[in-house]
Amino acid sequence: MNFTLLSPSGFWDPVLWLIFLILFGIIGYIIYSRGNPGYKPKTEQVKPYLSGNAEPSKEKIMVRAGDIYWGFIEAMKEYYEVLKRMHTGDLRDYILWYLGIGAVILFILVGGV
Amino acid sequence: MMEHLPALMIAVPLFGAFTTPLLKKRYSLASMWAIIITAATLGLSLLLVQEVLSKGIIVYVFGAKNPSLVLPSGYRVPVRIIFEIDAIGAFMALSATLMSFIGALYSYSHVRMESGLEKYYALLLLLEVGILGMVLTGDLFNLFVFLEIAGIAGSALVGFRNYRGEASEAGIKYLIVSAVASLMVLFSIGLLYGQYGNLNIAYLSTQIHFDTVDMIALGLLFVSFAMKCGSVPMHYWVPDAYTEVPAGINPTLLVATYASLYALFRVSFSLFGAITWNMARVGWIMSILGVLTMFIGVTMALVQKDVKRLMSYHAISQTGYMLLGVGVGLTVLNDPAKLSAFGRTAMAGGIFHIINHIIYKSLLLMTAGALFYVTGTRNLNEMGGLARRMPYTTIAFIVGAAAISGIPPFNGFASKFLIYETSYQLNPLLAVIAMVTSVLTLASFVKVFASAFLGPPLEKYNEVREVPKPMVAAMIILAVLCILFGLFPNVVLKNLIYPAVDALLKLAQYQSWGGLA
Amino acid sequence: MNGDIIAINFPFIVVALLLALGFYTIGFKRNLIKVVIGVEILEGAVNLFLIALGYVKGGYAPIYTLAPKKAVGNMVLPTPQALTLTSIVIGVAVSALMLAFAVNIYRHYGTLDVTKIRRLRG
Chain A
0 MNFTLLSPSG
10 FWDPVLWLIF
20 LILFGIIGYI
30 IYSRGNPGYK
40 PKTEQVKPYL
50 SGNAEPSKEK
60 IMVRAGDIYW
70 GFIEAMKEYY
80 EVLKRMHTGD
90 LRDYILWYLG
100 IGAVILFILV
110 GGV
Chain B
0 MMEHLPALMI
10 AVPLFGAFTT
20 PLLKKRYSLA
30 SMWAIIITAA
40 TLGLSLLLVQ
50 EVLSKGIIVY
60 VFGAKNPSLV
70 LPSGYRVPVR
80 IIFEIDAIGA
90 FMALSATLMS
100 FIGALYSYSH
110 VRMESGLEKY
120 YALLLLLEVG
130 ILGMVLTGDL
140 FNLFVFLEIA
150 GIAGSALVGF
160 RNYRGEASEA
170 GIKYLIVSAV
180 ASLMVLFSIG
190 LLYGQYGNLN
200 IAYLSTQIHF
210 DTVDMIALGL
220 LFVSFAMKCG
230 SVPMHYWVPD
240 AYTEVPAGIN
250 PTLLVATYAS
260 LYALFRVSFS
270 LFGAITWNMA
280 RVGWIMSILG
290 VLTMFIGVTM
300 ALVQKDVKRL
310 MSYHAISQTG
320 YMLLGVGVGL
330 TVLNDPAKLS
340 AFGRTAMAGG
350 IFHIINHIIY
360 KSLLLMTAGA
370 LFYVTGTRNL
380 NEMGGLARRM
390 PYTTIAFIVG
400 AAAISGIPPF
410 NGFASKFLIY
420 ETSYQLNPLL
430 AVIAMVTSVL
440 TLASFVKVFA
450 SAFLGPPLEK
460 YNEVREVPKP
470 MVAAMIILAV
480 LCILFGLFPN
490 VVLKNLIYPA
500 VDALLKLAQY
510 QSWGGLA
Chain P
0 MNGDIIAINF
10 PFIVVALLLA
20 LGFYTIGFKR
30 NLIKVVIGVE
40 ILEGAVNLFL
50 IALGYVKGGY
60 APIYTLAPKK
70 AVGNMVLPTP
80 QALTLTSIVI
90 GVAVSALMLA
100 FAVNIYRHYG
110 TLDVTKIRRL
120 RG
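Chains as they are written, first to last, in numbering that gives the first Met the number 0: chain A, 0 to 112; chain B, 0 to 516; chain P, 0 to 121.
Incorrect hints may appear among the rest.
[Claimed, not checked] The calculated lysine to aspartate or glutamate pairs, modelled on EDC-like cross-linking and capped at a C-alpha distance of 20 Å, are: (1) A:Lys59 - B:Glu458; (2) B:Lys24 - B:Glu113; (3) B:Lys304 - A:Glu73; (4) B:Lys459 - B:Glu381; (5) A:Lys83 - A:Glu73; (6) P:Lys33 - A:Asp92; (7) B:Lys493 - B:Glu420; (8) B:Lys459 - A:Glu54; (9) P:Lys115 - A:Asp89.
Note that these hints are calculated values from the structure, not bench results.
Please put together the full structure from these sequences, using the hints given.
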């Protein structure tokens with residue numbers, strides 16, 4: 000069986016990929032095994048140290064979905080305003096979009112741009 | 000039995016759909032029955048695929064021995080109801096039956112607490128019938144009938160949780176959108192019937208020529224199926240409907256969407272083949288719609304907070320890849336050199352992406368359903384730290400997310416790889432947008448993973464356990480398929496995808512059935 | 000002669016008017032029931048279109064029992080009529096489901112105003 004997927008200018012071979020996966024897995028394990036041996040789980044060592052303050056509850060410090068990519072969304076604010084306004088949720092707009100796009104496509108096909 | 004396979008494909012699930020309501024009293028019996036029926040249909044579709052691949056196009060006539068039977072008056076056109084199954088139809092039928100089976104299996108636990116389940120399973124099977132009819136038929140009016148069956152069953156399922164107002168809202172939106180689209184399909188079928196006095200796709204495609212009425216019919220069919228498959232900017236019903244439908248129906252509803260995509264391809268390549276083979280315009284419309292669809296879909300997905308809504312925006316975005324891949328192929332149809340250089344590969348990428356996307360998006364929507372099952376909310380802001388509680392769901396999610404982002408060795412990679420390379424050769428800009436889309440896809444799934452699965456375990460989810468076994472089984476089957484299709488794309492491409500592509504490309508073969516003069 | 004052209008095309012003019020009316024009703028009326036009626040009008044337009052296509056001047060309905068002598072060999076192919084019947088049946092199912100959804104929406108939202116039935120957006 001030949002598993003190589005050829006495309007016009009490249010290829011994909013799962014066997015080769017698996018060999019590389021194993022290779023890099025070994026390299027990764029070597030780096031990992033040379034890590035700091037002073038680490039001991041289940042001791043004081045693993046607790047967060049916040050300059051002596053009490054640790055806030057988990058619910059409070061959780062990173063919520065809405066906070067992720069805040070910067071990206073803030074930068075693209077205008078774009079999103081337009082897109083969100085377009086999705087009005089109004090049933091009639093769904094049909095009007097259909098009519099509009101239908102008119103454009105018919106114009107291109109019949110009118111011959 | 001083999002010669003009646005096409006009829007059985009419809010008859011078995013239809014029989015199941017009408018017998019399931021009899022099991023009203025016993026819920027688990029009804030769901031077992033649905034699982035058995037869908038498994039049987041899956042077996043039949045495997046047989047069908049094998050038949051089509053080994054023997055070529057199957058033409059099945061209802062109520063007659065062969066399709067060339069003519070009227071007593073000597074009017075020599077096909078007038079009967081005819082199923083014409085080529086490789087792409089069989090391919091779609093296989094996807095539909097596989098996903099119905101997975102959906103039924105998943106539903107066994109997922110909707111156990113709801114009422115009216117015998118109707119749920121009856122509608123699930125009816126939806127399957129609608130999809131199978133659409134992809135197997137060789138007759139335009141049949142296409143309309145099955146399109147409506149799929150639309151009605153689908154929207155009834157979207158509104159299944161009738162104690163939620165939002166479900167009814169999504170249901171009526173989906174229903175009105177699909178009713179308007181199918182009425183316009185019927186209108187253009189009427190136009191074609193008025194022109195050529197026939198409804199058979201193969202016969203019509205030999206007759207069609209370039210004139211205004213035909214182009215209006217093409218435009219109406221094109222835009223209606225584009226709306227039904229959720230192309231931007233007519234995609235608004237998709238997130239509404241996918242979000243509200245129970246997660247066990249999501250796989251089948253997804254295939255129902257792609258059955259419309261199949262109809263779009265069938266219309267462009269076979270029915271109007273005589274025109275589109277000489278007109279790059281149609282292909283450009285499809286490619287541009289594809290690019291718009293993938294980009295707007297993914298950017299909207301990035302800001303969603305509802306996990307299923309986020310994933311449904313991704314479903315829109317991934318539809319764009321298929322439109323792009325096949326659109327690139329359609330654009331270069333009139334140029335044999337380009338077609339053999341990259342057009343055929345582009346189409347293979349687009350069609351391969353259909354089944355890949357159906358697999359991994361169903362997987363992802365099912366993990367979203369599992370999250371909803373245990374937490375009772377779909378809001379990502381309220382989730383967190385679920386990875387330790389639900390290891391199988393987490394693994395399934397990771398596989399699905401990696402596949403949709405096109406990370407090797409999962410299946411999304413193989414088809415996206417083909418689409419990037421080929422669309423680059425048509426126009427580099429197309430490929431750049433496709434890659435940016437893929438990056439943003441990964442970004443938004445990192446968001447879901449980080450907010451739902453990672454983080455410290457929350458107090459309120461201390462009692463959460465892994466979802467029941469049927470749900471886990473359904474997810475694991477799909478995850479394994481994701482990995483298999485990704486590791487050995489060549490096997491799938493050679494045995495399923497390229498025959499399907501060639502079925503679309505070889506118009507003369509589609510037209511030449513049955514020995515009609 | 001001029002009158003003839005109008006008379007022949009009269010059903011198609013009505014179809015065009017009904018299509019326009021149907022899309023107007025769906026696109027611009029605020030009441031959900033009216034939107035449903037708009038879909039029904041569209042359906043009427045398409046059904047009328049199919050029936051008008053099937054009309055052949057001087058043709059007979061293809062009913063063989065008690066058919067007159069003249070009708071032999073002069074019957075129309077009943078495909079458009081069959082299509083219309085099927086389409087009407089489907090239309091009934093669609094409208095029943097639409098109205099059922101409308102009732103349920105009224106129960107949960109307390110209104111049938113389309114501009115207020117939009118919790119799903121963005």
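How the hints compare with the structure:
1. A:Lys59 - B:Glu458: holds, 11 Å
2. B:Lys24 - B:Glu113: holds, 14 Å
3. B:Lys304 - A:Glu73: Judged against 20 Å, a Cα distance of about 16 Å means the pair holds.
4. B:Lys459 - B:Glu381: Judged against 20 Å, a Cα distance of about 10 Å means the pair holds.
5. A:Lys83 - A:Glu73: holds, 14 Å
6. P:Lys33 - A:Asp92: Holds, at roughly 15 Å.
7. B:Lys493 - B:Glu420: holds, 19 Å
8. B:Lys459 - A:Glu54: With a Cα-Cα distance of about 19 Å, the restraint between B:Lys459 and A:Glu54 holds, given a limit of 20 Å.
9. P:Lys115 - A:Asp89: Since the Cα atoms of P:Lys115 and A:Asp89 sit roughly 8 Å apart, the hinted pair holds (cutoff 20 Å).
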